[in-house]
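Asker: Sequence:
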Amino acid sequence: YSLNSMISSSINNPSVVLWGFFNEGDSSDPRSTPAYTAMAETIRSRDPTRLVTWASNRKESDLNFHLADVISFNDYPGWYSGGSDQIVEIWKSHVEWVDVHWPSKGFIMSECGAGGIFGWLNGTDVRWSEQYQSLVDGLDAGFAVNNTNVGGISLWQFCDIKVDQPVDSKSRPGGMNNKGVVSWSRVKKLSANVVAKEYKGF
268 YSLNSMISSS INNPSVVLWG FFNEGDSSDP RSTPAYTAMA ETIRSRDPTR
318 LVTWASNRKE SDLNFHLADV ISFNDYPGWY SGGSDQIVEI WKSHVEWVDV
368 HWPSKGFIMS ECGAGGIFGW LNGTDVRWSE QYQSLVDGLD AGFAVNNTNV
418 GGISLWQFCD IKVDQPVDSK SRPGGMNNKG VVSWSRVKKL SANVVAKEYK
468 GF
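Take the position in the sequence shown, starting the count at 1, then add 267; the result is the number in this note's numbering.
List of simulated lysine-lysine pairs, BS3-like, C-alpha gap at most 25 Å:
1) Lys455 x Lys467
2) Lys326 x Lys372
3) Lys359 x Lys467
4) Lys359 x Lys326
5) Lys372 x Lys359
6) Lys359 x Lys464
7) Lys429 x Lys455
Taking CB as the label site, the calculated pair distances span:
8) Asn413 x Tyr347: 19 to 29 Å
9) Thr415 x Thr316: 17 to 27 Å
10) Gly441 x Tyr268: 34 to 44 Å
11) Ser269 x Lys429: 22 to 32 Å
12) Val393 x Glu308: 44 to 54 Å
13) Asp293 x Pro440: 22 to 32 Å
14) Thr316 x Tyr466: 24 to 34 Å
15) Pro281 x Glu308: 23 to 33 Å
16) Gly386 x Gly468: 19 to 29 Å
Everything labelled a hint here was simulated from the structure, so no lab data went into it. Everything numeric in this text was worked out from a predicted model, so none of it was measured. Ideal placement from N, C-alpha and C gives every residue a C-beta, glycine not left out.
All chains should be built: construct the whole structure from the sequences, respecting the hints.
Answerer: Here is the structure:
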């Protein structure tokens, strides 16, 4: 029902170029394939003119890419895994894998980025500082706009938002998702200008 409602509400919107579903689904489990098949077939039966994708955090372990028109990876190198010095190499590895295994399909960086607490302007680029967030976001954006095998990027996210208060406050300080390039009150962080510079150079 939700999928059909999404299609009905947006099918005539000229800005829609992709239909996406199942954000970070369990697509490395073979039992997921029937559900992915049903969703892809439903979309194509309603709209055969647009591309089909989903945001996969299973990445190279995803078993359902034969059903997609575009391969989309959610990954946060430099934030949830590896250091900032590994960001470009990790994305390069993803792109090369898609090029080898799915050469006829496009590739999108469907989620990436880092958190930064608004106003924390540290002398060094330590984790949670605006400096570190702008470093990670800038490397992500720069890789996307300078690699011809990357068809798009969705930097997570526009603004800081309130989320459920976690038991472990180290992952969500103040119960906030601090990955916005602007603050809760829509004031620019350092990352906003860094990312804008990368995009303007495209």
